[in-house]
Each structure stands twice: as C-alpha cells, then as structure tokens.
Amino acid sequence: MSPYTDQELEALLRDVESDRVERKESLGGDAPTKVREAICAFANDLPDHRRSGVVFIGATDDGRPVGLPITDELLRLLADMKTDGNTLPPPTLAVEKRKLMNLDVAVVTVEPADAPPVRFKGRIHIRVGPRRAIATAQDERVLNEKRRHRDRPFDTRAVSVATISDLDRRRFEDEYLVSAVAADVLAANERTYEQRLAATKMVVSADEPTPTVLGVLVLSSRTRDFLPGAYVQFLRIAGRDFADDVVDEQTIDGAVADLLRRVEEKLMAHNQTSVSFAESVVERRRSTYPMAALQQIVRNAVMHRSYEITNSPIRITWFDDRIEILSPGGPYGVVTESNFGQPGIADYRNPSLAEALKVLGFVQKYGAGIATARRALAENGNPIFEVEITQSHVNFTLRARS
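Our numbering numbers the first residue of the sequence shown as 216 and each following residue consecutively.
Treat the hints as calculated values from the structure; they're not laboratory data.
Hints should not be assumed to be uniformly reliable.
Said to hold, decoys possible - Calculated cross-link-like contacts (lysine to aspartate or glutamate; reagent style DMTMM-like; alpha-carbon spacing at most 20 Å):
| id | residue 1 | residue 2 |
| --- | --- | --- |
| 1 | LYS314 | ASP399 |
| 2 | LYS249 | ASP277 |
| 3 | LYS580 | ASP295 |
| 4 | LYS336 | ASP277 |
| 5 | LYS314 | GLU390 |
| 6 | LYS314 | ASP422 |
| 7 | LYS314 | ASP354 |
| 8 | LYS312 | GLU288 |
| 9 | LYS481 | GLU539 |
| 10 | LYS336 | GLU390 |
| 11 | LYS314 | ASP263 |
| 12 | LYS580 | ASP277 |
| 13 | LYS336 | ASP299 |
| 14 | LYS336 | ASP287 |
| 15 | LYS312 | GLU225 |
| 16 | LYS314 | ASP276 |
| 17 | LYS312 | GLU326 |
| 18 | LYS314 | GLU225 |
| 19 | LYS481 | GLU523 |
| 20 | LYS249 | ASP234 |
| 21 | LYS249 | ASP276 |
| 22 | LYS481 | ASP463 |
| 23 | LYS481 | ASP468 |
All chains, full assembly: derive it from the sequences and hints.
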C-alpha cells in the first residue's frame, strides 16, 4: 500500500463527491458502525479504482479538520476494526495520525481486497458515489468476477478435480450460510445455489462452479481426496520419547468443523482433571492442560498451516510430560520468527479459511489466539509454551502442570 502524501490527503478531504472518502468528526454515537461499513465498502472497491479508500476521523462532512485530539486510544480503536471479527475476510488497512490543514486528523487507509466480496456483519457494503449501499446480486457477480481475475490466495483457488456434487449442500445452507449472511439479506435475495456458493468463495463463480480449496475444506467430507495433507495425526505415547510405546493413535479428517470438534474431543479424553478441597470447602478442578490453550493452538494450526506446498498433516503428539503440536508451513507475511505471537501482529496465509472459522464460531477475535493460550496456561499453573519456528513448520510444545 503506497502511502498518500499530505497534499493527496488534503485533496481527498476536500472532495465531497468522492466514493473513496468517508469523514467523521469523532468516533462517538453510531460512527464506529459507519466507519466499519466504509472500510468494508472501500475493501470491496466496486468501482475498481484500484486505489486505497480513506476514512478521516476529526473532519466535517465538507472536509474541514475540527481539531479533535488524536489519542493513542482512538488510534487503537480504529486499528482493532481490522481484527474484531466483524469484517470478513479481514481488510488490509493502516491507521495513523496526520497533520492536515494545520490540524491533527486520524487517517484510516483501506486497500482494495484481493478476494472480494468482503462483508461487515454478513452484509456486502459498497460505495455508490459518496453514498454507502448494500450490494445487489449483480454487484456480487461483479465482485466475484474481480476475484477470479486476480492472483488469489491459495484457499480461494479452484480444485480442478472436484465438482459441486462433492460439496455438502445441506451443511452449506443449514449451517454455514445462516451464520455467514445476515438473516434479512438471506431472506430477501433470490440468488441461486451456485451464486450463494460463489459469494462465500466456496466455488470459483456461479458460471464456473468448481469448488475452491475453501469449499473443499469447509463443505466436503472427503477433504483428503483433494488435499492430501488436510488432516490431523494424533499420537498418545506412554513415555517421553518417540521410541516409547504408542497407546493411542488416530487420523482425524473431514470438513474443518468436524475435524476440529473430533480433535478437541480426543484431547479432552486424554486430559486428566484433579479435584482439590485443600484451600476451600468448594472443590477446585484443574486439568493437566487448560483446554482453552489446547483449543487455541490447534485452531491456530488449522487456520495458518500451508495446504499448498506440503502433504504433511498437523501432528499432535502427547507424551507423559508434554504435548507437541506441529503445523506445516512457517511464518507468513508480516509475521516473523522475531515477532511471532506479539499482540497486534497477525497475517493470513489462508484469509478465507480464517473468515470461515469465524463464521463457524471457532474464532472470536483475530490475532488473539496465542495470547489466550498464554493466559490460560498461566492461570492453570503450566509453564509458558515453547515454540520452534522454521521456514517449513511451527512447533508448539506445552508442558504438563506439575
């Protein structure tokens, strides 16, 4: 994203007819919702400007800065709009304080999405001149065509050997669609099954209903027929070394929601819970490992692993003294070995899969999984996890509570 100069920003600020600009005097009242709608619309870039849209906080409708104090808290609230889970897939944006016309203004710069449509709370927002609107069926088709002709993330590419019959229609309509799209929008539209699949990136387009990688992962029960590494290999070893006896082994695959539920059931079955009355008449229960930490790290592995360059599964190996969770694929994008796990540092190898996991209820807030796991371990009395990061994998080690 090329940053705008002060002169370019001032010109945009004054242009009251632009469909690339939103202005708010403050972040009070309904402004946070309106700003999110504008971010969604700029990310969709229906007019195909291929230039970033801009939200100004601290300016009047006619483009005059009002001298609003631009605090760190205000900038943090604006930055959190990317990862609060309401806008899917997460948009690419930058937040900064700029001095325009001699007064400070908060500036949110939103880059057009590589894989539209983008939704805010289940609705596809677009700009029609300076006005916000909800996308029509024709608008959705235009956005889907834009996605087809760009370099797309691997999770929205076609799986050429799959057909629409490989996708579970009931799972899509009864489970996924009702969570992905606002109820009133769903009730009002007259889109075909193929159009709905295309709008949620499960197929390439309504005219070319070839399942995408996302469609296979979310809606197919035969994921490994198309993506050989899309499974979890679980081992329970009685000892501390790989050479010790294996007492439980299971290969877990299927649609991603089923896979995650079955993995979590397996982890719960092996997780011992102790009961203590030592400090209170009320019993206190603590497990060898906090389930919240196990869940977050497994879900992180499923979301961020590479499905493209390897046929290796996610490997969960449970020893007597530790659990190792290995995810194929190293850090991605802005995430590096040095900043891995830091608050606010997140990138998405599989952005549409991240969106789907949010829709399915497995993700509450983007970028919070590692912090949640770290806190759960501390509260349960476990050591902090260890993490080994290479270009080919990320391996978490969780130590048992002593």
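Here is how each hint holds up against the structure:
| no. | hint | in the structure |
| --- | --- | --- |
| 1 | LYS314 to ASP399 | violated, 42 Å |
| 2 | LYS249 to ASP277 | holds, 17 Å |
| 3 | LYS580 to ASP295 | holds, 10 Å |
| 4 | LYS336 to ASP277 | violated, 29 Å |
| 5 | LYS314 to GLU390 | violated, 48 Å |
| 6 | LYS314 to ASP422 | violated, 48 Å |
| 7 | LYS314 to ASP354 | violated, 36 Å |
| 8 | LYS312 to GLU288 | holds, 12 Å |
| 9 | LYS481 to GLU539 | holds, 15 Å |
| 10 | LYS336 to GLU390 | holds, 16 Å |
| 11 | LYS314 to ASP263 | violated, 29 Å |
| 12 | LYS580 to ASP277 | violated, 35 Å |
| 13 | LYS336 to ASP299 | holds, 11 Å |
| 14 | LYS336 to ASP287 | violated, 26 Å |
| 15 | LYS312 to GLU225 | holds, 14 Å |
| 16 | LYS314 to ASP276 | holds, 18 Å |
| 17 | LYS312 to GLU326 | holds, 18 Å |
| 18 | LYS314 to GLU225 | holds, 10 Å |
| 19 | LYS481 to GLU523 | violated, 27 Å |
| 20 | LYS249 to ASP234 | holds, 14 Å |
| 21 | LYS249 to ASP276 | holds, 13 Å |
| 22 | LYS481 to ASP463 | holds, 10 Å |
| 23 | LYS481 to ASP468 | holds, 13 Å |
Going through the hint list in order, the structure does not satisfy hints 1, 4, 5, 6, 7, 11, 12, 14, 19.
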